[in-house]
Amino acid sequence: NAGVTQTPKFQVLKTGQSMTLQCAQDMNHEYMSWYRQDPGMGLRLIHYSVGAGITDQGEVPNGYNVSRSTTEDFPLRLLSAAPSQTSVYFCASSYSMNTEAFFGQGTRLTVV
Amino acid sequence: KNEVEQSPQNLTAQEGEFITINCSYSVGISALHWLQQHPGGGIVSLFMLSSGKKKHGRLIATINIQEKHSSLHITASHPRDSAVYICARRSGSQGNLIFGKGTKLSVKP
Numbered sequence: 010n011a012g013v014t015q016t017p018k019f020q021v022l023k024t025g026q027s028m029t030l031q032c033a034q035d036m037n038h039e040y041m042s043w044y045r046q047d048p049g050m051g052l053r054l055i056h057y058s059v060g061a062g063i064t065d066q067g068e069v070p071n072g073y074n075v076s077r078s079t080t081e082d083f084p085l086r087l088l089s090a091a092p093s094q095t096s097v098y099f100c101a102s103s104y105s106m107n108t109e110a111f112f113g114q115g116t117r118l119t120v121v
Numbered sequence: 586k587n588e589v590e591q592s593p594q595n596l597t598a599q600e601g602e603f604i605t606i607n608c609s610y611s612v613g614i615s616a617l618h619w620l621q622q623h624p625g626g627g628i629v630s631l632f633m634l635s636s637g638k639k640k641h642g643r644l645i646a647t648i649n650i651q652e653k654h655s656s657l658h659i660t661a662s663h664p665r666d667s668a669v670y671i672c673a674r675r676s677g678s679q680g681n682l683i684f685g686k687g688t689k690l691s692v693k694p
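In the order they appear, the protein sequences are chains A and B.
According to this note's numbering, the first sequence holds residues 10 to 121 in order.
According to this note's numbering, the second sequence holds residues 586 to 694 in order.
Treat the hints as calculated values from the structure; they're not laboratory data.
Hints are supplied without guarantee of correctness; some may be wrong.
Unchecked claim - Far from chain A by the CB rule (all over 10 Å, computed), these chain B residues: (1) 600; (2) 620; (3) 652; (4) 661.
What the hints assert, rightly or not - No more than 25 Å apart at the CA atoms, straight line, and that leaves these computed lysine to any residue pairs for SDA-like: (5) B/686 to A/62; (6) B/638 to A/111; (7) B/693 to B/677; (8) A/18 to B/638; (9) B/640 to B/669; (10) A/18 to B/689; (11) B/638 to A/106; (12) A/23 to A/53; (13) B/686 to A/107; (14) B/639 to A/18; (15) A/18 to B/666; (16) B/689 to A/105; (17) B/638 to A/37; (18) B/640 to A/106; (19) B/686 to B/592; (20) B/639 to A/105; (21) B/686 to A/23; (22) B/689 to A/63; (23) B/640 to A/111; (24) B/686 to A/19; (25) B/693 to B/615.
Stated by the list, open to error - Computed, partial: chain B to chain A, Cβ under 7 Å: (26) 603; (27) 615; (28) 633; (29) 640; (30) 681.
Predicted model, so just to flag it, every value in this text is computed and none were measured.
Cβ coordinates follow ideal geometry from the N, Cα and C atoms, glycine included.
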């Protein structure tokens, strides 16, 4: 059981570049979400999904897109990277709203 | 306004000390999560609890649903316990987690 796998672990982008952060889980979890973690701000929700084909915006969705074509995968796309998107990104999954959450190892993104 | 408040923000302890981290929240919940994040590391779930107390090794988590308060205790603290401890609750409608800002614990040998 791999749990929640995030790639890459580290990434440096130039302003304006696009990229996709990958998140995959092998636990058949319906709930998946993306958070960003910034100093002094804690973890904030970017986008989430309650099942394949269903996504919705969180607290800080601007500049990010998501899709959920399969139960296993929930990629996060940065359309045109900005320095304000420099952060640590975490993907999380859980079987339902009332169960334990599992987190990926995080992606440390720097936009220069 | 963060709906999940933690205290203290920073905590320094000597090895062997008993440690308490507090978490309070403003709305009724079905369960509260305690998470651990080591420096530069990922986030690991420690506990999910909806009532009473749970224990795992030297870690104990308690919750009082009526008072909207939870505590995380570490007995016989060790330098390897140095980490950020985060409490979180589920959003009622969306199911996502709403996090406290974390308590940074440093245990000195």
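Quick rundown of the hints versus the structure:
1. 600: It holds; residue 600 of chain B is separated from chain A by about 27 Å at its closest Cβ, greater than 10 Å.
2. 620: violated, 8 Å
3. 652: Residue 652 of chain B is indeed farther than 10 Å from all Cβ atoms of chain A, at 21 Å.
4. 661: Label holds. Min Cβ-Cβ 26 Å, cutoff 10 Å.
5. B/686 to A/62: The hint is violated at about 31 Å.
6. B/638 to A/111: With a Cα-Cα distance of about 21 Å, the restraint between residue 638 of chain B and residue 111 of chain A holds, given a limit of 25 Å.
7. B/693 to B/677: violated, 39 Å
8. A/18 to B/638: Violated. Residue 18 of chain A to residue 638 of chain B sits at ~35 Å, over the 25 Å cutoff.
9. B/640 to B/669: Roughly 19 Å separates the two Cα atoms, so the pair holds.
10. A/18 to B/689: holds, 23 Å
11. B/638 to A/106: The hint holds at about 21 Å.
12. A/23 to A/53: Holds: residue 23 of chain A and residue 53 of chain A sit about 23 Å apart, inside 25 Å.
13. B/686 to A/107: holds, 22 Å
14. B/639 to A/18: violated, 33 Å
15. A/18 to B/666: The given pair, whose Cα atoms are some 24 Å apart, holds under the 25 Å limit.
16. B/689 to A/105: violated, 29 Å
17. B/638 to A/37: Not OK: residue 638 of chain B and residue 37 of chain A at ~29 Å, beyond 25 Å, violated.
18. B/640 to A/106: Satisfied, since the Cα-Cα distance of roughly 22 Å is no more than 25 Å.
19. B/686 to B/592: holds, 9 Å
20. B/639 to A/105: holds, 21 Å
21. B/686 to A/23: violated, 29 Å
22. B/689 to A/63: violated, 36 Å
23. B/640 to A/111: Satisfied, since the Cα-Cα distance of roughly 19 Å is no more than 25 Å.
24. B/686 to A/19: Satisfied, since the Cα-Cα distance of roughly 23 Å is no more than 25 Å.
25. B/693 to B/615: Between residue 693 of chain B and residue 615 of chain B the Cα gap is close to 36 Å, so the pair fails against 25 Å, i.e. violated.
26. 603: For residue 603 of chain B, the interface hint is violated, since the closest Cβ of chain A sits about 26 Å away, which is over 7 Å.
27. 615: holds, 6 Å
28. 633: holds, 5 Å
29. 640: violated, 16 Å
30. 681: holds, 5 Å
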